[in-house]
Amino acid sequence: DAGVTQSPTHLIKTRGQQVTLRCSPKSGHDTVSWYQQALGQGPQFIFQYYEEEERQRGNFPDRFSGHQFPNYSSELNVNALLLGDSALYLCASSTGQGGREAFFGQGTRLTVV
Amino acid sequence: AQSVSQHNHHVILSEAASLELGCNYSYGGTVNLFWYVQYPGQHLQLLLKYFSGDPLVKGIKGFEAEFIKSKFSFNLRKPSVQWSDTAEYFCAVTYMRFGAGTRLTVKP
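So the protein sequences, as listed, match chains D and X. Residues 1 to 113 in the working numbering are what the first sequence spells out, letter by letter. Residues 1 to 108 in the working numbering are what the second sequence spells out, letter by letter.
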């Protein structure tokens, strides 16, 4: 039973570019949440997708957008990258909308130069 | 606004010492509380959770936490730590608000 998988594992982008990160949830899970974890900090909630819609959103600008597909996988898109967007991006999956137990992936390390 | 405070940034203990990591939260509604652990090079894993009922919850690897509603606290405890407990520990209120984390180093 595969857990949460994220791709790619590492990524280097130039300031101003756009990036897409991908997440496949744990088998049986239908909810995907995305987090940004800067060095030395806890995960910061970006948004959550359930039934292919954004259900909750944290305090992130519109440059951060996402999508959930019918198979429950999800993408995180970040436009107009800034140096400050460099971080570990985590995906977590769970069942149903709300605050139940979430399983995390290994994350995608994004470096903006 | 919701917030989570973890008081200790870095804790260093010797093996067999007792552990208590503090977590206080600010949230007006019904809380779901979590402790996650991140071992070096690994992904975040759930240690334990509290949704309702007995305020003393037991998790994996001998960890436990006590929910004290009047103090808005959810402290993590372990009677005797091992070198393998060296990791980063995160407290969370719902899935949306994580603390900054506490790095635990256990010396053999």
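FYI, nobody ran anything at the bench for these hints, they're computed from the structure. A couple of the hints might just be wrong.
Example chain D residues on the side facing chain X (calculated, C-beta under 8 Å, incomplete) [what the hints assert, rightly or not]:
1) ALA38
2) TYR50
3) GLU54
4) PRO61
5) GLY105
6) GLY107
We treat Cβ as the ideally placed atom computed from N, Cα and C, and that holds for glycine.
Subject >> Hint numbers not upheld by this structure, sorted from lowest to highest >> reply: 1, 2, 3, 4
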